[in-house]
Every structure is written in structure tokens, then in C-alpha cells.
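Starting from the structure of chain A, add chains B and C where the hints point.
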Amino acid sequence: MKKVLTIVMTVALVLMAVMPVAANGQQDSEKVMGISIDNAFPSRIATVMGIISEAEARGYKVIKYNANGDAQKQNADVENLVNEGVDALLVCAVDMDTIEVALMKAKSAGIPIVSYDRDLPESEAIDCSVGPDSYSDGLYCGEYFAEALKDKGDVTVLELLGALNDQNGIERSRGFNDGLKSASNVKIVQASTGAWQLDIALKSVQDGFQAEPDIAGVFAPACFFVAGIETVLSDLGKLHKVGEEGHVVVAGINGEKGACDSVIAGTCDGVVVMGCHATGVKAAEFADMLVKGESVKRDYYLIAGDFYTTAEEIEKNKENIWGYQKLSLD
Amino acid sequence: MKNKEVSMDRIKEYLSSKLWLSVVIAIIVLCVVFSILSPAFLQWSNFQAVLVQSSITGIMAVGLCFVIMTGGIDISIGAILLLSATVFAYTVNGTESFMLAFLASLSTATLAGVLNGVLVYYFKMAPMITTLATYNIYNGIALHISKTENVPIDRGYTFLGNGRIANIPVPLMILLAITLIGAYLLSHTRFGTFVRAVGDSQVSATESNLPTRRTIVSAYTLAGFTAGLAGVLLISRTAGLQNSLGVGTEFTCIAAVVLGGTALSGGSGSVVGSVFGAVFLILIDNGLNLLQASPFIYDAVRGIVLLAAVSVDRMSTARQAKTLLEQKALRIGSSIIKQVKKTAQA
Amino acid sequence: MSETNQIELNKRKYGTFAGDFLKSYPTVPIILIMIIGFSLTTRNFLTAGTIRTMMAVNTVSLIAAIGETFVLLTGGIDLSVSTVISASAVISATLMEMTGANILVGILASVIVGLIFGTINGVLIGYGRMTPFITTMDTNLIARGIAFILSTDGRGVKASRELVKFGFKSFMGIPLFTLIGLFLVLVFSILLKQTLWGRKVILTGSNPTAAKYSGINTARTEMSVYVLSGLLAGIAGFISIINLGAGIPGVGDKLLLIIIAAVVLGGTSMTGGEGSVLRTLIGIVLLAVLTQGLDRLHVEFYDQFIILGLLIFLGNSLSIRITTKSSKAMH
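Top to bottom, those sequences are chains A, B and C. Under the working numbering, the first residue of the first sequence carries the number 46, and numbering increases by one thereafter. Under the working numbering, the first residue of the second sequence carries the number 15, and numbering increases by one thereafter. Under the working numbering, the first residue of the third sequence carries the number 3, and numbering increases by one thereafter.
None of the hints are false.
Straight-line distance between alpha carbons at most 27 Å, and here's what the computed DSS-like set of lysine-lysine pairs gives:
hint	chain 1	residue 1	chain 2	residue 2
1	A	Lys150	C	Lys167
2	A	Lys302	A	Lys371
3	A	Lys302	A	Lys286
4	A	Lys152	C	Lys171
5	A	Lys106	A	Lys342
6	A	Lys363	A	Lys302
7	A	Lys152	A	Lys337
8	A	Lys283	A	Lys302
9	A	Lys150	C	Lys171
10	A	Lys197	A	Lys226
11	A	Lys361	A	Lys286
12	A	Lys337	A	Lys109
13	A	Lys283	A	Lys195
14	A	Lys361	A	Lys371
15	A	Lys106	B	Lys161
16	B	Lys161	A	Lys371
17	A	Lys106	A	Lys337
18	A	Lys109	C	Lys256
19	A	Lys195	A	Lys226
20	B	Lys161	A	Lys302
21	C	Lys256	B	Lys161
22	A	Lys337	A	Lys150
23	A	Lys76	A	Lys106
24	A	Lys152	C	Lys167
25	A	Lys283	A	Lys197
26	A	Lys197	A	Lys286
27	B	Lys161	A	Lys109
28	A	Lys152	A	Lys76
29	A	Lys150	C	Lys256
30	A	Lys363	B	Lys161
31	A	Lys342	A	Lys109
32	C	Lys195	C	Lys214
33	A	Lys150	A	Lys76
34	A	Lys152	A	Lys106
35	A	Lys109	A	Lys152
36	A	Lys109	A	Lys371
37	A	Lys286	A	Lys195
38	C	Lys25	B	Lys138
39	A	Lys197	A	Lys232
FYI, nobody ran anything at the bench for these hints, they're computed from the structure.
Excised from the complex, chain A in its bound form (with noise of 0.2 Å):
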């Protein structure tokens, strides 16, 4: 047994030396986009499924790495990116801190860098980003807030908060209040959801109406914390249809299917759906033109969401809408 094993060290050690040099020998001239992902949850893959086939559609092979939401694995993926020889690299930063380290190693390779769906406004690595207008889109829903609770008298509204330290979730929250700001019968109750965690926001929102019983309407700053606030408030016994006496009023940010279905079912008032396939395409056409040597702005390019407010408009654009398409990376 002992010696068996030793034979097949021996050979593995063998055939170690010789692999690489091998496997180094087929080399193919197809240029490649490498796609370091954050973390897969459904609008970056409706962004990520946007680059894949516009990029394909440019001729490129696409190698993705998925960092599942740890900062250090992403480094080691953009690393790996860059050892695997790609001609452009597009990232969704877990963290916009440390990313810079690693993207630092690729710039100094020579690899264009294109920053999709999350802006890096400190980073001198990158040459542009692409991604949802983040502020416009909180915005919409502040707007809409103060306009639906202007007759309401003096009302408390609550606002639950993304991630802390994701640039999006800041300037969704930031986007709401200045919204609301002209609203002074409005105050505004904040509520942490984690990190994006639907069990923490459903939490968060049972708790929030039990310390302010009459909260007149609730802020999701992603579609899919929609559905738990429709089970608290039909907990309380106040899931009423939009226009009914004593509806508490509910919108998001995202589109995702959910929470545009309960807009058709008339218990959610709006949903900002962001145009997550534009901004896929967008960031792989200007990581072809980097490739091709073409020169691009550094700039945050924005892509603006739809607000969508009632049942028909939703039916009318659903294949316009992500959260109605079939999505997957496969």
C-alpha cells in the first residue's frame, strides 16, 4: 500500500514538471472581456446577461468570476483575470477600498477597466463607469411619497437603508429625502436592513411600526423588501389597495418581478425599475472601444430607471421589464 503511493507521488511529481508546459502550448487569438461579479442576485445578473450578449455580440469570449461578496476573493479574482490574459475587464466592486489594489495590478498590465452598476468615484485604475442613477431613482419614490401624503396631515414615514457602505444604497437614501425635503408635514424614521437581508428589513419593519404606530407609508430601497413589508402590514391589518381608506404607502427601487406583480395587485404604489440590460451593454461597448484603442471620458455614465406607478403601465412594458425575463449565467 505504502509503496503503491509512493510510485504515485513520484509520478505525480513527474508529470507535474512536465503539465504546464503542455498545457501552455495551445494559445488562441479570441479576445477576451473578464467580468468580476460582487455577488449574484438578480438585477446584477439581468446586468451581467446585458455584457454577456452584447460582448458576444462583438465577437468576444467572456470569462466571469463570481466573488459571492467577499472583498479579498475578489481581488484574487480580478488577479486570476489578469493572469488568464484578458483584453478588458468590467467590475461590480464588493468594497470600493480594496478593489483599488487589485485593479491597480491590472492597469499595469495594460487592461482597460470599465466599472459597471457601482460607481468607483476615488479609483485612478479605471477609465469609466457605467451604472443606475442612483439619486434620480430615489428621487422618483421621494416625489411620489410627498405628492401621495400631502393631505395626510403630519405622518411618519419609514425609510429602510441598504448596505451602509454600498454607494447605491447611499445615494438611493439621499435621492428619497431630498424628494421629500419640500414635504414638511413628512418625517422621515430610518431602518437598517444589514446588508440587503430580507429577514433583517422584515425585522426592522415589525419593530419599526410597533415604536411608531401610525406609519403612513414605508421606502423599500430594493424591490424584493416589498414582500415583507406587505406580510407585516398584513400582520397589523393594514395591507389596504392603493386609493382605499388607510393604505400605507409602498414603493421600491430594482424591478424585480415581485414587487411589480404587487403593483398589478394594486398593494404596492410604484417600483423604479432600473435599466439594468442598458447599462450591461453600455459597459461592454465602451470596454470594446478602450480595446480598440478608442479613447472614452472617465465619467460616471448614468442610466436612468422607469418609474412605474400603476397596473397597466407595468402589463404594457413587461418586456421591457428585467424582473419578467428569464435570467441566468449560464
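Then chains B and C, alone, in the frame of chain A:
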């Protein structure tokens, strides 16, 4: 005078046999503190909200309590919760039958529990490592099914999470039922005795021909089943699947069980205490939420309160153990003296 | 009769090297097989760039895993290592920023943070006789809380340019900070094998009663391993700043299970008394090669979970089988 002393002793004895007493005291202390700090705290509707929130960790803690009493540990229950929720979401959307989805997710979770038990018993690896392995496997399978997608489920199928019977929330009733069944199993059946015996010493349990294998496998199965039930409840409340559901619940549940007076070394424990432990942990969150505390201090407060609770408990049990030991020593000592006297007389 | 004995002896003599090696490092063949497999199936697997990436990304877990090894050797467990890394990273990076990129302050801060948490754990477990699992679970929460409270809204603190530049430097293809990790492996390997303290640690883990009767202050020995584990987690936190270019509060969140898995996969037992620092290094290498290879094959992360779970299970049962077999043979 003497009678009074006896009854006091009796009360003391009775109370010290109740492992969950310290966590109940801790809950009362916490309630007093929060009701002073927040006017919204001391209201029936808030207590109801706390109990509904506790139902998920509470139910899981009941099953886990049995595993810990056998001297094992199960860190895969968070992953089983996610797996069960995933199976429920896909089956209910695919078949539009609540019953089918309910049965499918519960049987998946139970099966996962059986697998844990079998692996722990047969491979003689540390339960922590075995369940660390299965944690990864179950988590992987759940995410493989969902491809990390968020899956909404129709509100018509969420009765278990949101429904009320006679104005009492359903999750609360389930928690109550599971707690009663668990407490009955532990103190009134042979299974409960076996669990404690195995936890005390697996070797002597085997040597005295107790069904060690059946006991261990059943304990892990129970933990899997309760985690599955909690999964269905959680997804009925969230009305949608998210891939971070259940993340970290295993550690919350372990904390609940330990707070409830169950020893991690096995052999003794309390089902009721575990549920109280879960309530205690949810109370901390609830109080902080009501005070609108910064989301960042939650972990720190939770850690400090837990550490304080566990060390106070540790001190009191250490004192108890010491007095017990002294009594034992006295008894042994006197019997030795008697023996010596006897031999001397002979 | 004596002839057969002689043959038996010869067999032992010649069979021992491979046997002993496999007994101590049962996972080495698995690593070799994996490397061959990945080299055959992916492009540019064994290149300088890939190896560098693998070393850089795993140094933090390696350093923390050394401390965890000592804790497991006494039969305990330290669940706080992961978030002590985070607390140390945030505090050290913040202090460096405040003092104008003073690296010495940063190192000192990370060491002190680690020592504080290690001492709390050590005193409570060693002298307070509290359960290691629960105690360190609570300090894990406290450390995570502190890391996030001290950060500004969950955002990390960037490191100075010199420190980032130091992170890019390497010697013979090995990043300098990885060399620090390897140096620590060497130092603590010697401390475990060659000193009285090391023997005390092993005896405390393998038979606490015997250790007590042979005059070992087991409380002090237990305390020492938690202090050590905290210290190394603190240093790991500082290394994470170099590696990532910033100290972020979430850096340790996903490391705990990886660290424990690496130590156990290396062949250190959870019940105490059996294991070594070198085995932990091999455990880390095993996980590093696996993750790198599966990433290169573009296996989705959730499918990697399944494979990792199976590997933890198989690797551990393999090492248990080999160790029990060889100890039976010895008897």
C-alpha cells in the same frame, strides 16, 4: 420555624433543578431596562411581535437542544433552513400545492438531519467537522437549485407565517406545540433519558446496551426537522426566497440553547430554556430597534450581553457544583470514617 | 524466529519514511493529484502569476490558522479569530491614518488588539473554566461590532502608498508578506516541537487529567494558546491591510469556517493532542489549490461549496483512519 426552613430548602431545590431559571431572570432584567428606555416596549402588540420573531429561532433551538444534549453540535441547521425554504419556494411555484411543498421541504430537511446523524455516528468524526462539511454541502445544493435567484411566492401560500387562528398568530402556535412536544420527549419518554445518557458518556451508554445509534441519529433528525419547519415559516413570512436567508442562524440558535441552561458538553439541558433563550436574543434586537440604535452596535451589544449572561450563569453553576462536591466529599468522608471505625472494632 | 523478526524490522525500517510521512500529512497525495488534474484541464495553471495570487490571498488565513492550531491542540476552539482580524485591521488602519502613515503604530496597534481579545478569551476559558465555543462566539460578535462601530458607516480606511507598495514587493516570486507568514509557521513549528511549553500544550489536549497530575498548570497553558491565537489574528489583520490596501470591517466575515476547515483538513484533530503547524500549512495549501483550480474551471461558487464539503468530510475521515491505523499498528 423548622417547617419554614424546610419549605425554603424545598423551593431552593426546586428552583435549582430548573435550568431555565437564569434566562428567565435575564429576560425580566432586559424587559425592565427596555421599558424604562422606550415607551413602545411594554405593549402587548410588541410582545406579540417579539414572540412571532422568536418562533423561527425558537423552533430550531428545540431540535438543536437534543443534539447538544447528546454531546454533539449541529452547525448545518442554518443551511438546512435555506434548503428547506428553497425546496418550498420551487415546489409551491411549480405545483401550486401548499401541502406538497410543505411535505417536500420538511422531508428534505428531515433527510438532511438523518444524514447528519448517520455521518456523525458512523464516521466518529467531531460533530462540528461533520456538520461543517454538510453545512457546505446543503448550502451548495440550495444555491445550486436557486442559482442565487430571488423567488417570490404567492401570498396565498403564506398562511403558516402570517395567518391567525382565534386571533393568535400561527407561528406562535407552532412554536408552542413544538416546545410542548420537545419538553414531553425529553422528560417523559425513554428517548429523552437515552439522549441524556448518551450525552453523559457515550461509552458507558453503549456498554449498558442503550440504543446509542438510534438516539444519536434521532437527535440530529429532530434538529433537521425543526430547521426545515423554521425554513418554511421564514419563507412564509418573507414571501420570497433570498440566498442569504438563514445565514448565521446556527450560531444564534446555539447561543439560545446554551443560554437556556443546556451544557455544551452534553448530558443535561432544557427544551423550555432553549426557547426562552431564543426569546432573550430576539428581545435584544427588538429593544435596539425600538430605540432606533445605530445598526452597527447590534453585534457588540449582543456579544457583551451574551458574554455577561453566560459568565454569570457559569459562576452560579460553579458555586452549585462546588457545594454539591463538598456534600459528596462529606458523605464519602463520613462513610470512610464509619468503615475505619468498623474495622477498628473488629 | 529471529529471522522473521529481522525481516519485520527491515520492513519497518524501509517502510517507515513513506508511512510516517503519510501518517503525518495524509492530504499531500490529494494535493498532488489536484495539481495534476487542474494543470491538465486549465490554461496557465502553474504559472508564477497564479502561484503569487494563491499565496497572497491565503496569507491572512494562514497566519490566523497557526494560532487556531494551538487552540485545537488543547482541545478547545477559537471562533473569534475571524473578526479579531477585522477589528485589528480597522483599528490599525485608522491609527495609521491618524498618525500620518506611521507603520510602527499600525503594527503595535494590531498586536495590542489581538492580545486584548486573546487575553479576554484566555482568562475566561483558562481560569474562568468557561466553554471555549460559547466564550469565543461572544467575543467574535464583540470584535465584529467594534470593527463596524469604529469604521465610518461600514467603510474601510485606506492604507498609505508605501504600505501598498510593500504589498507589491516579492522575493523569488513570493510576496514579502507571505514570507512573514511562512516565517511564523517555522517559528511556531519549532516552538511546538522543541519547547517545554509545546509539550505542555499537547499533553493538556491529549490528556488533561494526566497533565494536571504531572504538575502542569493547565489553566495557564490553556490561557496561553488563546492569547497566542489572538495575537496571530491581530497580526493577520495587519497583513490584510497590506494585501487589500485598506482595513475594512468585513474582512474576516467569511474566513472563520475556512480557517477551521484548513486546520482540520491538515490533520489536526478537534479533540486535542494530535496535530502540527506544518499540517495546517498543508491544509491551507490544499484549500488554496482547490479554490484556485475550481475558479479557473469556472465552477460556480455554490458548486464549490458542495465540493468543499465533500473534501472536508473525506479528508478528515482519511486522516482519522490513517492515524488510528498507525497507532493501532504501534500497539
